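Colleague: For chain A, the structure is supplied; the task is to place chain B with the ligand on it using the hints.
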Amino acid sequence: MQPFERHEGLTAPLRQDHVDTDQIIPKQFLKSIERSGFGANLFDSWRYLDEGRSDQRHTQRAINPDFILNRPGFAEASILIAGVNFGCGSSREHAVWALLDYGIRVVIAASFGDIFRQNANNNGLLTIALPEDVVQELMQHSEAGGHRLGVDLQSCLIEELSGGDTREFAIDPIARQKLLQGLDDIGLSLLERSAIEACEQRRCSTEPWVFAPLQDREPSP
Amino acid sequence: MNSPRTLYDKLFESHWIGERSDGSSLIYIDRHLLHEVTSPQAFAGLHAAGRPLWRRDANVATADHNVPTTDRDRGLDGIDDAGALIQVKTLDENCARHDILHYGIDSELQGIVHIIGPELGLSLPGMSLVCGDSHTSTHGALAILAQGIGTSEVEHVLATQSLVHNRLKNLQVHLSGTPAAGVSAKDMILALIRRIGTAGGSGHAMEFAGPTVEALSIEARMTLCNMAIEAGSRIGLVAFDATTRDYVEHRRFAPRGESWERALEYWEGLHSDAGAHFDRTVELDVGALPPQVSWGTSPEMVCGIDESIPEPESPTQERALEYMDLKPGARLSDIRPNKVFIGSCTNARIEDLRTAAEVVQGSRVAEGIDLAMVVPGSGSVDAQARSEGLDRVFTEAGFEWRAPGCSMCLGMNPDSLAPQDRCASTSNRNFEGRQGYGGRTHLVSPAMAAAAAIHGRFVDVRELGGAS
Ligand code: SF4
Chain A
1 MQPFERHEGL TAPLRQDHVD TDQIIPKQFL KSIERSGFGA NLFDSWRYLD
51 EGRSDQRHTQ RAINPDFILN RPGFAEASIL IAGVNFGCGS SREHAVWALL
101 DYGIRVVIAA SFGDIFRQNA NNNGLLTIAL PEDVVQELMQ HSEAGGHRLG
151 VDLQSCLIEE LSGGDTREFA IDPIARQKLL QGLDDIGLSL LERSAIEACE
201 QRRCSTEPWV FAPLQDREPS P
Chain B
222 MNSPRTLYDK LFESHWIGER SDGSSLIYID RHLLHEVTSP QAFAGLHAAG
272 RPLWRRDANV ATADHNVPTT DRDRGLDGID DAGALIQVKT LDENCARHDI
322 LHYGIDSELQ GIVHIIGPEL GLSLPGMSLV CGDSHTSTHG ALAILAQGIG
372 TSEVEHVLAT QSLVHNRLKN LQVHLSGTPA AGVSAKDMIL ALIRRIGTAG
422 GSGHAMEFAG PTVEALSIEA RMTLCNMAIE AGSRIGLVAF DATTRDYVEH
472 RRFAPRGESW ERALEYWEGL HSDAGAHFDR TVELDVGALP PQVSWGTSPE
522 MVCGIDESIP EPESPTQERA LEYMDLKPGA RLSDIRPNKV FIGSCTNARI
572 EDLRTAAEVV QGSRVAEGID LAMVVPGSGS VDAQARSEGL DRVFTEAGFE
622 WRAPGCSMCL GMNPDSLAPQ DRCASTSNRN FEGRQGYGGR THLVSPAMAA
672 AAAIHGRFVD VRELGGAS
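Protein chains in written order, with this note's numbering: chain A, 1 to 221; chain B, 222 to 689.
FYI, nobody ran anything at the bench for these hints, they're computed from the structure.
In this text, all values refer to a predicted model and were calculated from it rather than measured experimentally.
Quick reminder that beta carbons are idealized off the backbone N, C-alpha and C, glycines included.
Among these hints, one or two may not hold up.
In silico negatives: residues of chain A with every beta carbon more than 12 Å from chain B [to be verified]:
{"no.": "1", "residue": "ARG6"}
{"no.": "2", "residue": "HIS7"}
{"no.": "3", "residue": "VAL84"}
{"no.": "4", "residue": "VAL96"}
{"no.": "5", "residue": "TYR102"}
{"no.": "6", "residue": "GLY103"}
{"no.": "7", "residue": "ARG105"}
{"no.": "8", "residue": "ASP133"}
{"no.": "9", "residue": "GLN154"}
{"no.": "10", "residue": "SER155"}
{"no.": "11", "residue": "GLN181"}
{"no.": "12", "residue": "LEU183"}
{"no.": "13", "residue": "ASP185"}
{"no.": "14", "residue": "LEU191"}
{"no.": "15", "residue": "PHE211"}
{"no.": "16", "residue": "PRO213"}
For each label pair, taking beta carbons as the anchor points, the in silico distance ranges come out as [as the list claims (entries may be wrong)]:
{"no.": "17", "chain 1": "B", "residue 1": "GLU435", "chain 2": "A", "residue 2": "ALA75", "range": "38 to 46 Å"}
{"no.": "18", "chain 1": "B", "residue 1": "ASN387", "chain 2": "A", "residue 2": "GLN201", "range": "22 to 30 Å"}
{"no.": "19", "chain 1": "A", "residue 1": "VAL134", "chain 2": "B", "residue 2": "ARG585", "range": "51 to 59 Å"}
{"no.": "20", "chain 1": "A", "residue 1": "SER54", "chain 2": "B", "residue 2": "GLU617", "range": "32 to 40 Å"}
{"no.": "21", "chain 1": "B", "residue 1": "ASP591", "chain 2": "A", "residue 2": "GLN201", "range": "52 to 60 Å"}
{"no.": "22", "chain 1": "B", "residue 1": "GLN641", "chain 2": "A", "residue 2": "SER54", "range": "18 to 26 Å"}
{"no.": "23", "chain 1": "A", "residue 1": "ALA170", "chain 2": "B", "residue 2": "GLU240", "range": "15 to 23 Å"}
{"no.": "24", "chain 1": "B", "residue 1": "ASN387", "chain 2": "A", "residue 2": "ALA62", "range": "41 to 49 Å"}
{"no.": "25", "chain 1": "A", "residue 1": "PRO208", "chain 2": "B", "residue 2": "ALA604", "range": "29 to 37 Å"}
{"no.": "26", "chain 1": "A", "residue 1": "GLN181", "chain 2": "B", "residue 2": "GLU234", "range": "26 to 34 Å"}
{"no.": "27", "chain 1": "B", "residue 1": "ASP467", "chain 2": "A", "residue 2": "GLY187", "range": "20 to 28 Å"}
{"no.": "28", "chain 1": "B", "residue 1": "ARG277", "chain 2": "A", "residue 2": "SER36", "range": "38 to 46 Å"}
Pulled out of the complex, with its shape left as it was, chain B reads as follows:
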């Protein structure tokens, strides 16, 4: 009998190639997702060295980081920025040259790379998956060994179908308790990062487990895994279960027929065995968790909506408060954003938009909100939302409804904050200038962002009723 193993151990072992002459471990990469910003130098390196692509069908590309969210009917002509245009075109060319499946700016399936992977069934349980983007941890919600890599590694994967990956330690995050109505996976992960810090998971693969996680939808689990990297872990994981099965079944590239049955049988084993050893365990009871709002410039600078901004404990925190123009002791519910962004690979899936729409339904965006925008995570999310009339709920309330992409999550495209703007954002990073030079970001859940748009300040969505 083998000794009990964690999910990470199993995935590591099933992809393990062996050791190189330098002693490092190589793992086999099943799926490689590409986007326009971190891939051009990798392709250039591959071409310069005259190396072929190892396996074409491991690769899938989309343009997301740089694409505008307006004027999309104009395709490439709608991109005003010369640099962005070159990157989007370069991706087109590289994919054409190697015949790589590519959801470009004109495709109705285009979207944020971490949204389209799972939704098209390109990201499947048991796989190893990489992308030149740190939020690749998202795909771990489907029991996938998924991690973000740098551009040199992108080139390495293109050429060798493998990645140098030495075995990580195991960290289990055990979530228990039933969250209050209006409290979501976003609040849970923000609370966790506050607890363990942005370096808390460094060197570890982070598996989310426990009754709360088991009760979460796949989309919510993706929100958790998405921000594992914000807690320092480049890998987030959730075990395969019936919820995973129901999510994956019938996706565009999911296996079918006999192949599906065989896959299911294999996937049933994708969980940590009873008694498996975790190097560390963190327990979090989310039963009484209030909605969370970040107040600083690091995702660990977070508190509950019912709290006040804490006294700074370090020069870094002092600096953060200064940048955010906030005073210790001020109540979070007194903070008044002037912009609201609902989008990003953390929170731009259909459930996120439904939750936000429920809060917005029948209300108007408050005075003092200069811009409230919804950016669906993909063409498929966009189409689904429209078919449910969600776009109208938002636009009738005064929101703008945009075309899919990363948008104001990092503001590489025209959607960015102006200096001193204060934004309620469903994205994942509140770093200085992340959403625009001098802009101030408050990370919140979709429900909290929607409520901030309607009330003109942060409010406790538990008190609104209806938001669930």
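The shape of chain A in the complex, shown without the other chains:
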């Protein structure tokens, strides 16, 4: 996972509450066994005017000129600002892969879906929750175009580079460490191998039926 320390980039306002992962990456693009290549279909049904198919060349599709990432000056955005409950719905990690693949490094929203946030943490996408009025204010600034933020995870500060406030943000300290170091989660957990084994042993004695082999079981009548 790519570490995240500081990022400076252009913002884009997505004036929507409850942006669900079905919108972030629609189902027809989940039929891949890869982790990459989803960026072209990020927000597909909002971004294009036709119904997307996975076998299409996206460069030949009609784009929706009203969608924020298609408006002049916003396509290069790497910081997305949205309303409440961003990333609710399906657990598809493809949503995070699509955002990253498109070039989004930070999502600022009033709140996030729990599973989405975990997936983001596991992939180096920084999610920042700010009070709703602050989000509204940032959206307004963003709306004008050319609005750049410097997001610093060391100091937990967001700086409006084109002039404006510098704000603190709060983030779960564990998630912060993990993002800063770009840690390999599995490697980190495997350091606890003996603790995992001890728990497994303990559970084996308290709830042995959980560990009954499946493969060798005769189907019961």
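Modeller: Chain B with the ligand alone, transformed into the frame defined by chain A:
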């Protein structure tokens, strides 16, 4: 004496491994369910890193999201979509490579992962259970610590048999009152989501309790827990009781004999203690609850069948009405769907199909309904329904009876809505395009979906009589 604990606290503690060096909590995972869409990248990651599978028999797989609901006798040859075929085959290969128990497209026990887990006794009380699918909350109806995870976490569980899971807060949803005939668990959960919003349960484990829940069947409790995620909670829970015991006993993989007795003794403790602390409590009296119908593009945009569509209160709601092509003030009972879908992990168990069949019995699908389909949740549900003659009740009325899978719940397989289609659906998400590009979804109970098929519009099933 220990201080009183909630069911979630007990489950968390019995699975707690310890803290990692970064301070996060690890919990042990007893059961891991896999399906074709969210697992391939996880297996690929595992293989690329050269890591072994931690414990084979923790894992069980099935193909459900992408499988066609027709031509199933043709097996893999019946899958026309190249991407879907690769995913189904990749799951086959990964399971073969690791010798994982797999109910593939040809198995008579195949079905939606959240339906087959409980019905085969793979999901047992007291377990911790994960799956790369947000509706894993369903299994919590059996007092299981069950949650949906992303693909990186799937890989993590394959490799370490553990999950990073920091302790959640406790939310109790207390349901009281006796619902009217025709009002079901689906109506209760929709009403709850309307009340607390789709982010209402974020950061909390949601335990459903109270006299109404105690009187519900396990299948109905699964409908509640299934949609906990739609209320923002990745975990839904119901305490173990005699109803749970009767449901689990004799399931294919349930413990037997002495092991069963020992398990029972342990399971008796799977409830929140009197006086346990909940960070929040929500009370809902379902005594006068009307059947619910969603009118928007979020599961909180819901109202009773006897109400009218409300004035939009936000740009998001305005947009939803526009997408749904509905006007504020219009009566829900004037809405005319042209498609009806009875299926999904929310409502495709045998009781759901029985309830819907009771409404359909002896009637015909209305003019104006282009397609009404029933997709049983699993091969076992399918077989049971056939043995009761339910398939004929539906087909004689003009419904199509399909093979098990997720089907039009998300339309990854060929079953999807066309633009402007309006669907009465027993599924769980009415997001834009969820059931098909440009399609409009109204979430309802099985009885309400069946009645909409027969009457060509939404009707109040309380007034039909017979539906219970
Ligand atoms: S039926 Fe629908 S909600 Fe349930 S697992 Fe399948 S796609 Fe997900």
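Colleague: Hint by hint, say whether it matches the structure.
Modeller: Here is what the structure says about each hint:
1. ARG6: holds, 20 Å
2. HIS7: The claim stands: HIS7 (chain A) keeps its Cβ more than 12 Å from every Cβ of chain B (closest is about 21 Å).
3. VAL84: violated, 6 Å
4. VAL96: violated, 7 Å
5. TYR102: holds, 18 Å
6. GLY103: holds, 20 Å
7. ARG105: holds, 17 Å
8. ASP133: ASP133 (chain A) clear of chain B: closest Cβ-Cβ about 15 Å, beyond 12 Å.
9. GLN154: holds, 16 Å
10. SER155: holds, 20 Å
11. GLN181: violated, 9 Å
12. LEU183: violated, 7 Å
13. ASP185: violated, 6 Å
14. LEU191: Given that some Cβ of chain B is not farther than 12 Å from that of LEU191 (chain A), nearest at about 7 Å, it is violated.
15. PHE211: violated, 7 Å
16. PRO213: Given a closest Cβ separation of 5 Å, the condition is violated.
17. B:GLU435 / A:ALA75: 38 to 46 Å: Once the Cβ atoms are compared, 55 Å apart, the range 38 to 46 Å for ALA75 (chain A) and GLU435 (chain B) is violated.
18. B:ASN387 / A:GLN201: 22 to 30 Å: holds, 24 Å
19. A:VAL134 / B:ARG585: 51 to 59 Å: holds, 57 Å
20. A:SER54 / B:GLU617: 32 to 40 Å: The hinted range 32 to 40 Å holds for SER54 (chain A) and GLU617 (chain B), with Cβ atoms some 38 Å apart.
21. B:ASP591 / A:GLN201: 52 to 60 Å: Check passed, 58 Å falls within 52 to 60 Å.
22. B:GLN641 / A:SER54: 18 to 26 Å: 23 Å Cβ-Cβ, so the 18 to 26 Å window holds.
23. A:ALA170 / B:GLU240: 15 to 23 Å: holds, 21 Å
24. B:ASN387 / A:ALA62: 41 to 49 Å: holds, 45 Å
25. A:PRO208 / B:ALA604: 29 to 37 Å: 31 Å Cβ-Cβ, so the 29 to 37 Å window holds.
26. A:GLN181 / B:GLU234: 26 to 34 Å: holds, 29 Å
27. B:ASP467 / A:GLY187: 20 to 28 Å: violated, 45 Å
28. B:ARG277 / A:SER36: 38 to 46 Å: violated, 29 Å
Against the hints set out earlier in the document, violations occur for numbers 3, 4, 11, 12, 13, 14, 15, 16, 17, 27 and 28.
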